[in-house]
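S.K.: Counting in my numbering, the sequence shown runs from 60 upward without gaps.
The hints are simulated quantities; they were obtained by calculation from the structure and are not laboratory data.
All figures in this text were calculated on a predicted structure; none of them were measured in a lab.
Ideal Cβ placement from N, Cα and C applies to all residues, glycine included.
Any given hint might turn out to be false.
[Stated by the list, open to error] Derived DSSO-like pairs (lysine-lysine); straight-line CA-CA distance at most 30 Å:
#1 K277 / K331
#2 K86 / K290
#3 K268 / K86
#4 K86 / K207
#5 K290 / K331
#6 K206 / K231
#7 K262 / K74
#8 K378 / K146
#9 K74 / K136
#10 K74 / K101
#11 K262 / K290
#12 K174 / K231
#13 K277 / K264
#14 K207 / K174
#15 K86 / K291
#16 K262 / K231
#17 K86 / K101
#18 K231 / K207
#19 K268 / K101
#20 K378 / K74
#21 K136 / K146
#22 K74 / K291
#23 K231 / K146
#24 K262 / K206
#25 K136 / K86
#26 K277 / K74
#27 K101 / K146
#28 K378 / K136
#29 K101 / K290
#30 K290 / K231
#31 K365 / K277
#32 K174 / K146
#33 K206 / K136
#34 K206 / K290
#35 K290 / K277
#36 K290 / K136
[What the hints assert, rightly or not] Simulated restraints on C-beta separations:
#37 E82 / A132: 35 to 43 Å
#38 Q185 / A116: 48 to 56 Å
#39 A298 / N139: 38 to 46 Å
#40 G187 / A298: 38 to 46 Å
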Amino acid sequence: MKNHSSDPVLDQNDKALFEEAWETARKHQGDGLTFYLPGMVKVGQERGRYPAISITAGECELQCEHCQGRLLASMIKVANPEELVEKCVRLHQNGAHGVLLSGGSDLQGRLPWEKYYGAIARIHEQTGLFLSAHVGFPDLETCRELKKAGVSQALLDVMGDEETASRVYHLKGLATVRSAMQAVSESGLEFAPHVVAGLFYGKIKAEIKALEMISAQKPAALVIVVLTPLKKTAMAGCASPPALETARLIARARLMMPDIPISLGCERPRNKAGRLLEQLALQAGITRMAVWSEEAIVDAQNLGLKPRFQKTCCSVAFKDSFSSKGPL
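Produce the entire structure from the sequences given, and follow the hints as far as they go.
M.R.: Here you go:
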């Protein structure tokens, strides 16, 4: 890995960790790095071509501590299957590459997918949009029906201990998470797990255990995001974990899963610490980055990486038909 005067200062242990992660990434992933612009985000005058749609409008019964339904606010909202089809057809006509289907959960962590199977199948047949779904914590039958309807990829939040599952996500326990992971994997859906660094009120707690759980399931991609405290939630007064702690997590993920694309996802601080995280994440072996800074492109090039750009969620593999010729 090339060294530059602007690189953050690391102790010997971190240098060794990041060097090993970097070399592992280059051996198994090559020198490409994809920058992603998802549909919910605008950079300058450009917006991604992969919007998120909530199938429960703004409603969520589960009310996880870090979100409490507020992340639904930026999504396109639908209230019934016909409205979902209409929105997706219009999005396709306007140049969307795909859609992230999402929504709020009930008290068991489930979304009302059964209501929408037919609509999803119609969207798949009529538009050919690439469909991914933030599935909640589904059973095997649900996952199989989603795949049958045309969903390609399942996004699933994974935490690593009972306390985080119950206190933060309000689930009955970690068994719900394990069961959902198994259901996604058995169904044939692409598994794109998300790990939130600092999910337990801003502290790194069981994220390594979450990575171990994920590595046993052979995911299509891993997305690491960072707790970004939202106003009017139970975590509004918390702080995001230090950039170095999150970068260590990324480096360990790279060593656990050398063949898996790893993304620094869009939910993360956009401040000085966030800028530091971009630098460190590149050194720690990511192969994807969502909603980048201009400096991150320069960093990647200085490290000998070859940037490319795609206006989709960062869980979606690079496709020539989805790519952009430049950052904007």
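S.K.: Are the hints correct? Go through all of them and say.
M.R.: Against the structure, the hints come out as follows:
{"no.": "1", "hint": "K277 / K331", "result": "34 Å, violated"}
{"no.": "2", "hint": "K86 / K290", "result": "42 Å, violated"}
{"no.": "3", "hint": "K268 / K86", "result": "25 Å, holds"}
{"no.": "4", "hint": "K86 / K207", "result": "36 Å, violated"}
{"no.": "5", "hint": "K290 / K331", "result": "20 Å, holds"}
{"no.": "6", "hint": "K206 / K231", "result": "26 Å, holds"}
{"no.": "7", "hint": "K262 / K74", "result": "23 Å, holds"}
{"no.": "8", "hint": "K378 / K146", "result": "24 Å, holds"}
{"no.": "9", "hint": "K74 / K136", "result": "45 Å, violated"}
{"no.": "10", "hint": "K74 / K101", "result": "35 Å, violated"}
{"no.": "11", "hint": "K262 / K290", "result": "18 Å, holds"}
{"no.": "12", "hint": "K174 / K231", "result": "24 Å, holds"}
{"no.": "13", "hint": "K277 / K264", "result": "23 Å, holds"}
{"no.": "14", "hint": "K207 / K174", "result": "14 Å, holds"}
{"no.": "15", "hint": "K86 / K291", "result": "44 Å, violated"}
{"no.": "16", "hint": "K262 / K231", "result": "21 Å, holds"}
{"no.": "17", "hint": "K86 / K101", "result": "34 Å, violated"}
{"no.": "18", "hint": "K231 / K207", "result": "29 Å, holds"}
{"no.": "19", "hint": "K268 / K101", "result": "34 Å, violated"}
{"no.": "20", "hint": "K378 / K74", "result": "34 Å, violated"}
{"no.": "21", "hint": "K136 / K146", "result": "9 Å, holds"}
{"no.": "22", "hint": "K74 / K291", "result": "39 Å, violated"}
{"no.": "23", "hint": "K231 / K146", "result": "35 Å, violated"}
{"no.": "24", "hint": "K262 / K206", "result": "35 Å, violated"}
{"no.": "25", "hint": "K136 / K86", "result": "43 Å, violated"}
{"no.": "26", "hint": "K277 / K74", "result": "28 Å, holds"}
{"no.": "27", "hint": "K101 / K146", "result": "19 Å, holds"}
{"no.": "28", "hint": "K378 / K136", "result": "27 Å, holds"}
{"no.": "29", "hint": "K101 / K290", "result": "21 Å, holds"}
{"no.": "30", "hint": "K290 / K231", "result": "26 Å, holds"}
{"no.": "31", "hint": "K365 / K277", "result": "26 Å, holds"}
{"no.": "32", "hint": "K174 / K146", "result": "16 Å, holds"}
{"no.": "33", "hint": "K206 / K136", "result": "22 Å, holds"}
{"no.": "34", "hint": "K206 / K290", "result": "36 Å, violated"}
{"no.": "35", "hint": "K290 / K277", "result": "35 Å, violated"}
{"no.": "36", "hint": "K290 / K136", "result": "21 Å, holds"}
{"no.": "37", "hint": "E82 / A132: 35 to 43 Å", "result": "42 Å, holds"}
{"no.": "38", "hint": "Q185 / A116: 48 to 56 Å", "result": "23 Å, violated"}
{"no.": "39", "hint": "A298 / N139: 38 to 46 Å", "result": "40 Å, holds"}
{"no.": "40", "hint": "G187 / A298: 38 to 46 Å", "result": "43 Å, holds"}
Checked against the numbered hints above, the structure breaks hints 1, 2, 4, 9, 10, 15, 17, 19, 20, 22, 23, 24, 25, 34, 35 and 38 and satisfies the rest.
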